[in-house]
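**Student:** Generate the whole structure from the sequences, applying the supplied hints.
Each protein sequence line maps, in turn, to chains C and G. According to my numbering, the first sequence is numbered sequentially starting from 1. According to my numbering, the second sequence is numbered sequentially starting from 114.
Just so you know, the hints here were simulated from the structure itself, not pulled from any lab data. Be aware that a few hints might be false.
Unchecked claim - Not the full set, but computed from the structure, chain C residues with beta-carbon under 7 Å of chain G:
(1) 43
(2) 44
(3) 101
(4) 102
What you are looking at is a predicted structure, and each value in this text was computed from that prediction instead of being measured. Heads up, the beta-carbon is just placed ideally off N, CA and C, and yes, glycines get one too.
Next come the chains, spelled out residue by residue.
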Amino acid sequence: SQTIHQWPATLVQPVGSPLSLECTVEGTSNPNLYWYRQAAGRGLQLLFYSVGIGQISSEVPQNLSASRPQDRQFILSSKKLLLSDSGFYLCAWSVWGTGNTIYFGEGSWLTVV
Amino acid sequence: AQSVSQHNHHVILSEAASLELGCNYSYGGTVNLFWYVQYPGQHLQLLLKYFSGDPLVKGIKGFEAEFIKSKFSFNLRKPSVQWSDTAEYFCAVNFNYGQNFVFGPGTRLSVLP
Numbered sequence: 001s002q003t004i005h006q007w008p009a010t011l012v013q014p015v016g017s018p019l020s021l022e023c024t025v026e027g028t029s030n031p032n033l034y035w036y037r038q039a040a041g042r043g044l045q046l047l048f049y050s051v052g053i054g055q056i057s058s059e060v061p062q063n064l065s066a067s068r069p070q071d072r073q074f075i076l077s078s079k080k081l082l083l084s085d086s087g088f089y090l091c092a093w094s095v096w097g098t099g100n101t102i103y104f105g106e107g108s109w110l111t112v113v
Numbered sequence: 114a115q116s117v118s119q120h121n122h123h124v125i126l127s128e129a130a131s132l133e134l135g136c137n138y139s140y141g142g143t144v145n146l147f148w149y150v151q152y153p154g155q156h157l158q159l160l161l162k163y164f165s166g167d168p169l170v171k172g173i174k175g176f177e178a179e180f181i182k183s184k185f186s187f188n189l190r191k192p193s194v195q196w197s198d199t200a201e202y203f204c205a206v207n208f209n210y211g212q213n214f215v216f217g218p219g220t221r222l223s224v225l226p
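**Tutor:** In structure tokens, the structure reads:
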């Protein structure tokens, strides 16, 4: 069966510091991969999605970037964090087709101080 | 643009009350429909999904949803809620089997013991 792992689960970072969140998927090939952000009391905002290695689509202009160095690895990064980057970050995956369903990782709580 | 709306921001019920959460989506061709639940401090979990066939879909934990194509709606129901149903509920739509999933803003459900 497929599993998705995301880490770290929690982190507190100072303003201006770099960020790296990692996500890996097991048990499937060539998944679509996603990064969402969930701010307190708000819905899900799609940040990036990827349909293949090195293919990244950005949904909103921002201080963050994403990379997909391997088929089942998706990384969310920032060179310099802002206070407004605080939130709950969720990695997710899906597979093309009529049974297309999106599944989420455990999430990472980021607090920028 | 494709969009998903949820009727209520916050719903408060007593245990054993019936629940109905509204979800509507913009017209966008073929749709796959989902409800996700997020318990406090946890990630999103799939409650149920509709792809085709019987428009009344049954999910986990006694939840069901009805797809009404003419109304572009996919409302979530449960005949008798429990305190453990306290969570945030998200409706999501995948349009035309694409890679993008559009989420509603979420409805917070509080069940009083």
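**Student:** Does each hint hold? Answer for all of them.
**Tutor:** How the hints compare with the structure:
The closest approach between the C-beta of residue 43/C and any C-beta of chain G is roughly 4 Å, which is under the 7 Å cut-off, so the hint is satisfied. Given hint, residue 44/C at the interface with chain G, holds; its Cβ is 4 Å from that chain's nearest Cβ, closer than 7 Å. Look at residue 101/C: its Cβ gets to within about 6 Å of chain G, closer than 7 Å, so that hint holds up. Taking 7 Å as the C-beta cut-off, the interface hint given for residue 102/C holds, the closest approach to chain G being about 5 Å.
Consistency with the previously given hints is maintained throughout, with no hint failing.
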